[in-house]
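The listed protein sequences derive, respectively, from chains L and A. Numbered per my numbering, the first sequence spans residues 1 to 742. Numbered per my numbering, the second sequence spans residues 1001 to 1311.
Any given hint could turn out to be false.
[Stated by the list, open to error] Think about it this way: if two alpha-carbon atoms lie no more than 25 Å apart in a straight line, the pair counts; the simulated DSS-like pairs of lysine-lysine are:
hint, chain 1, residue 1, chain 2, residue 2
1, L, K606, L, K627
2, L, K627, A, K1053
3, L, K426, L, K721
4, L, K551, L, K572
5, A, K1053, L, K606
6, L, K627, L, K572
7, L, K452, L, K512
8, L, K452, A, K1059
9, L, K341, L, K244
10, L, K368, L, K341
11, L, K426, L, K252
12, L, K341, L, K551
13, L, K512, L, K629
14, L, K630, L, K565
15, L, K630, A, K1053
16, L, K385, L, K183
17, L, K627, A, K1158
18, A, K1059, L, K309
19, L, K253, L, K267
20, L, K368, A, K1053
21, L, K630, A, K1059
22, L, K512, L, K426
23, L, K565, L, K629
24, L, K385, L, K452
25, A, K1053, L, K309
26, A, K1158, L, K629
27, L, K182, L, K565
Derived by calculation from the structure, the hints in this document are not laboratory data. Just so we're clear, the structure is a prediction, and the values are computed from it rather than from any experiment.
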Amino acid sequence: MADRHPTHIYQLLFSSNMKPPEYWGRASFAMSDVPQNWSSEATIPAPKASGYQARIAHELEAASVDPLPSSGRIDLFCSRQDTAMSDAKKGPLREFLASQIFVGSSGKILSHIGNMAQGFLRARRQKRAMTTISPKNTTHLDSVAVTAGDRRKPNLALVGTIAVIFLATANCKQTDPNEIGKKILHMPLRSKVSSLDPVRGGTSYSSLAQSVVYEALFEYDYLARPLRLIPRLLEAMPSVDPSKTIYEFTLKKGINFQDDPCFPNGKGREITSNDVFFSMKRMADRANSPKGWWIYNDRIVGFDEFRAKQDERPVGAPFNFDEPVEGFEIIDDYRFRIHLKQPFPQFTYILAMQYTAIVSREAVEYYKEEFDSHPVGTGPFRLVKWIRGSKLIFEKNPTFREEFYPSPPPSALGNVDPSLYQAAGKRIPFLDGIVMYVYEQDQPMWLKFRAKDLDYSQVPAEYFDSIYCPNGNLRSQLSADGIQNYNLELIDFIYRGFNMEDPIWGGFGNGKLLRQAVSLATDINEINDAFYNNTCVVYDGPIPPGLDGYKKGILSPYRGPQIDKAKALLVKAGYPNGKGLPPLVFETSRGGNSQEQGDMLARQLKAIGVELLPNYNSFPELDRKLKRKKAQFFSLAWGTDYPDAENNLALFYGPNEAPGSNNFNYKNPAYDALYEKIRTMDPSAERTAIYEKMRDMVIEDVPAYGSMARIRYYVWNSRLKNMFPEETWYGWHKYLDVEVEP
Amino acid sequence: MTAYVLRRLLHGIPIILGVTIVTFILFHVFGGNPIASFLGKNATLADIAAMEKEYGFDKSLPLQYLDYLYQIIRFDFGRSFATREPVVDMIISGVGPSLSLTLPALLLTSLISVSIALVSAFFRGQLVDRLLVFLAVIGMSVSFLVYIVLGQYLLAFKLPLFQIHGYEAGFIDRWQYLSLPIIVMVVVGTGYDTRFYRSVMVEETTKDYIVTAFAKGLSRRRVMFVHMLKNASLPIITRMMISVPFLVTGSLLLESFFGIPGMGNMLLTALDQADLPVIKAYTVVISILFVLSNITTDVLYAIFDPRVKLS
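Please work from the sequences and hints to get the whole structure.
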């Protein structure tokens, strides 16, 4: 008895139609070209009495050869005790062997897997008797090349181990040991953060993530509604000269950049006037692909020229930040002036935008291309870890200046929830850290919120009915869980627009009548109800609720649905019941419920005989068509950049035509003249009156119609304190507080 | 064999070139220039022109294509439009999370579905077989999304056995987040694979050697689980090898729903944002992987089945 290692792999199959008993006897098998002892023999039994055909399987055992050969040759011998086999009798058997021999070798793969799995697979040795072939009376019949391998059986431990790993690693709600005893805010981001560089963070979620690290010169009063601008890094609001073109600013003293290796000895230094201008100049550097240059474009004396000069520098030459800009005047380390080309009352709003946050030159030069992911600001938190596309972890900035929660006088309380004042006068930030999780799908975000893994959430549209009663109150189960809510009216302009240069739908002749007819045929309330749970504010014109120039109620004589009136306008335009009118191509973005919205609009317009052809685009495709004036009729939304209607009215200013922000290519000289007048005016009743006049021009000419403003529904768990959400700016996260992790 | 592999690798070059041409035409000719949308809503023509120059969009299409080929040769696809990260770094950082999800899922799926297929073939035509086939059909018929939604709600939120969403970079820490998506992937994959492997097994049961084995008096279990499984190894290997490129590409849905920062998630974002450098790099990587996996499959065939000759 010899040990056989590590089991057989060869399987020989043969059969014969030959009649017994001529060929039945002992058959022997041997491996050639391999070490000795690779041999076996088996008895070929007589066929069953029922017929002459026999099928015989034989497993050839590998002998104890170590290491196993990877290939070789099998020879079949037939050895009979009586006589040698004649050639005539060998033929049929040989023929059969050539077609039927099979070698099983899947064990090779398992072997490799086993090795990689570090012991999950274990070999099992089998002990089999070994026989040898007798050279006598043996006839060589055939040879077949084979490939060998050891067969190893998977141990059941593999399955068990995997199960254990799953059970051990799965589950559950666990508190991170690093968070125990600390105040950590867990919050969602509904889109990936593309960059932590202020000049490049074009999306609201990038701005949000940046806002806890970087600070702009201004911010908004956390508790004031309507929004009120206040100084953030400044001692006071700037002084403005009588010409309203020179702004003088004074920085607060003692505001330091966060400690970081980019500074000497890793110690953050105090910010100065130079940092403000350095940060502004970065917006002029095209190498940064800045998304916000428009905020400075044609505003500051010498800044456009500075940019043009930098553009013309030799290829490979660095951007010269030391080159002076005429409109940037440094008085000392803390005081500086900015000279504007013409009055621009919204300039201070601009300086509250995240694009204008102050960065340090040391960090930009130290981290170079990696500056994107190494934010070094003056804010209350600093970045600890960023798993792109997954989460960002921030910790409290230990060197953050002494700053306090707002404590306005009682007379200023207004309608704000009194509980928001409980922290008045206390030093901020209250939090030890913030973890921002990226959710590109709504379900996991909502489930994480309900599991109390998130401290606050926005309410996804599909969950609206399960969260709110028909009267708009939270459902009792959520209230019982201590969940609180706030409905934030966004300064939003969702609209359907026309290309005013389109030969049929554009212009101020028949095209205007057609646009008015389309507006009259559209039932915006039905769209609001079907796709927004009736949560949007429907309004007329381009000025959303909350801004000067907005007026509640129906202002437009073309607010639909008024089918008869729409049909009458079509007759007047020369297209009765839409006859002779080519289809109206509707360009809209793909995804969400765009297709259903397109279908509904098509149905509504069909009532007056206008055929709508919806065309669904990716956002870049849609954007491209708009920039090239190729979109006949389109749907889009504009998030107002600062709380002044001037920002929305600029969308219809002629010189802003595509590829500028005037996607409608609306050019009305009277409107343009009014815009040029109001853009240098301070807030006043006179300016508001002009805003209203401009709004009514847009309503009458219908370059856009069907305006809606979204309401963002915020909910938060009882653990979170001081929550008063806002989306015009995001720096308010420094005021939040949470109960300590148990 | 070496000559064969080299020859196949050479043959793979035109395939990859073909893929690059199709990709290039699709995105550059039909897709147009996505630069403007990356510069924000108020980008000026000069801003757009500057970024076009930076990314080579100001060159003629043939020159842009040659640039693309040069990028492939150097395996340097430049920087993402959206994040400005080097695309190669993005791919490298995405492969790990994707493999962590797909590799265990593939191994488990194969193990489970082969086992079920064997049992099903073992009880062919009987109640057990019909039940298993029924379950497999259910498994493959129900949408991936349903499993995700139900899995997250029932298993992760209600019970809760798993994490609902998230990811950790640490090799040990990540599994608590990957367990549920792996299970979802296994459930869906098992339905498809079981049907396939069962048909392979059933076909094997008609072969002469099986009858012979039974005639020899071997037990049914031994015939099925020892002899038949060996013979069915080639289709198993083939199917697993076909899956190799998809291991690297990850899963668009699962990665998106579970917040796994893998290749699928990366592609979804890139497609959504028309991030051409990322899309082009991804396409090239996938086509190279397909060519390599095909060659590897053929080589494995020759290794495991002596009837197959590489020539």
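Here is how each hint holds up against the structure:
| no. | hint | verdict |
| --- | --- | --- |
| 1 | L:K606 / L:K627 | violated (29 Å) |
| 2 | L:K627 / A:K1053 | holds (18 Å) |
| 3 | L:K426 / L:K721 | holds (13 Å) |
| 4 | L:K551 / L:K572 | violated (30 Å) |
| 5 | A:K1053 / L:K606 | violated (46 Å) |
| 6 | L:K627 / L:K572 | violated (32 Å) |
| 7 | L:K452 / L:K512 | violated (53 Å) |
| 8 | L:K452 / A:K1059 | violated (53 Å) |
| 9 | L:K341 / L:K244 | holds (10 Å) |
| 10 | L:K368 / L:K341 | violated (33 Å) |
| 11 | L:K426 / L:K252 | holds (20 Å) |
| 12 | L:K341 / L:K551 | violated (33 Å) |
| 13 | L:K512 / L:K629 | holds (18 Å) |
| 14 | L:K630 / L:K565 | violated (29 Å) |
| 15 | L:K630 / A:K1053 | holds (24 Å) |
| 16 | L:K385 / L:K183 | holds (17 Å) |
| 17 | L:K627 / A:K1158 | violated (48 Å) |
| 18 | A:K1059 / L:K309 | holds (24 Å) |
| 19 | L:K253 / L:K267 | holds (17 Å) |
| 20 | L:K368 / A:K1053 | holds (21 Å) |
| 21 | L:K630 / A:K1059 | holds (23 Å) |
| 22 | L:K512 / L:K426 | violated (58 Å) |
| 23 | L:K565 / L:K629 | violated (30 Å) |
| 24 | L:K385 / L:K452 | holds (22 Å) |
| 25 | A:K1053 / L:K309 | holds (17 Å) |
| 26 | A:K1158 / L:K629 | violated (51 Å) |
| 27 | L:K182 / L:K565 | violated (64 Å) |
In the structure shown, a violation is registered for the earlier hints numbered 1, 4, 5, 6, 7, 8, 10, 12, 14, 17, 22, 23, 26, 27, in ascending order.
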